[in-house]
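Undergrad: Each chain, written out:
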Amino acid sequence: MIKVLFFAHLQEEIGRGEMELDNADIPVRNLKSYLQEKYNLSRMDQVMVAINEEYAVDDDEIKDGDVVAFIPPVSGG
Amino acid sequence: MTDNFDIIDTPIDTQSLIDKVTKREAGAITIFIGTVREWTEGKKTLTLEYQAYKPMAIQKLKEIGEEIQSKWPKTEVAITHRIGHLGITDIAVVIAVSSPHRKAAYEANEYAIKRIKQIVPIWKKEHWEDGETWIGDQLETTPYPSGKPNVKDESND
Numbered sequence: 077m078i079k080v081l082f083f084a085h086l087q088e089e090i091g092r093g094e095m096e097l098d099n100a101d102i103p104v105r106n107l108k109s110y111l112q113e114k115y116n117l118s119r120m121d122q123v124m125v126a127i128n129e130e131y132a133v134d135d136d137e138i139k140d141g142d143v144v145a146f147i148p149p150v151s152g153g
Numbered sequence: 069m070t071d072n073f074d075i076i077d078t079p080i081d082t083q084s085l086i087d088k089v090t091k092r093e094a095g096a097i098t099i100f101i102g103t104v105r106e107w108t109e110g111k112k113t114l115t116l117e118y119q120a121y122k123p124m125a126i127q128k129l130k131e132i133g134e135e136i137q138s139k140w141p142k143t144e145v146a147i148t149h150r151i152g153h154l155g156i157t158d159i160a161v162v163i164a165v166s167s168p169h170r171k172a173a174y175e176a177n178e179y180a181i182k183r184i185k186q187i188v189p190i191w192k193k194e195h196w197e198d199g200e201t202w203i204g205d206q207l208e209t210t211p212y213p214s215g216k217p218n219v220k221d222e223s224n225d
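Residue numbers (my numbering), protein chains in the order written: chain Z, 77 to 153; chain R, 69 to 225.
Hints are computed from structural coordinates only; laboratory data are not their basis. Honestly, I wouldn't trust all of these hints.
[Claimed, not checked] Restricting the straight-line Cα-Cα distance to at most 30 Å, the calculated cross-link-like pairs of lysine-lysine (DSS-like) are: (1) 108(Z) / 88(R); (2) 114(Z) / 193(R); (3) 108(Z) / 185(R); (4) 79(Z) / 185(R); (5) 79(Z) / 122(R); (6) 114(Z) / 122(R); (7) 182(R) / 193(R); (8) 139(Z) / 108(Z).
Full structure from sequences and hints, please.
TA: Written out as structure tokens, the structure is:
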């Protein structure tokens, strides 16, 4: 199981801030496209992914137990 | 040092950040206070809502502090960002930097706010008179030309 977190506009498009999925042992790229298709998400090309609170790239592998966060462009400050 | 970086949902006490960076070796303290602006590009903001991925945001604030201390030795840094609903003129972020001499404190403080806008997972939702939207970046344009944020340390230009 992995825990997936969503923020800002993604959270509103999906309708929830987090979910648990069985999709372990796949690269970030695959989870991204799976969710994009399933929830018909817009603007995913600009969205970053963090695994266990550290920025990841599309090739990084997601392991069982990971917390994967989808991070839209940030706008703090 | 750990307590120097925080995300809170209550008003920020600026004096407490000054206290955190005050030390006998320091000869200067700079404070940056980011407030909620009413007008942006002709649009009137009514309220703002900030959201954060809190544990990661605190971690990234700490990293900014570490970057600053390696670039400007003998500095002390404290940053607090507020989340939740904020009104016009409310304080959203306070950055305090102390250093032996003023130049480093000024430079490091500006560096900190630039880095916050690049790597810290905090989002701002603008509520206008005619609608609302999550802001992608401070320019309301395509956020990451390179496809991802500049998470690497950047030079202090």
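Undergrad: Hints numbered earlier in the text: which of these fail when held up against the supplied structure?
TA: 1
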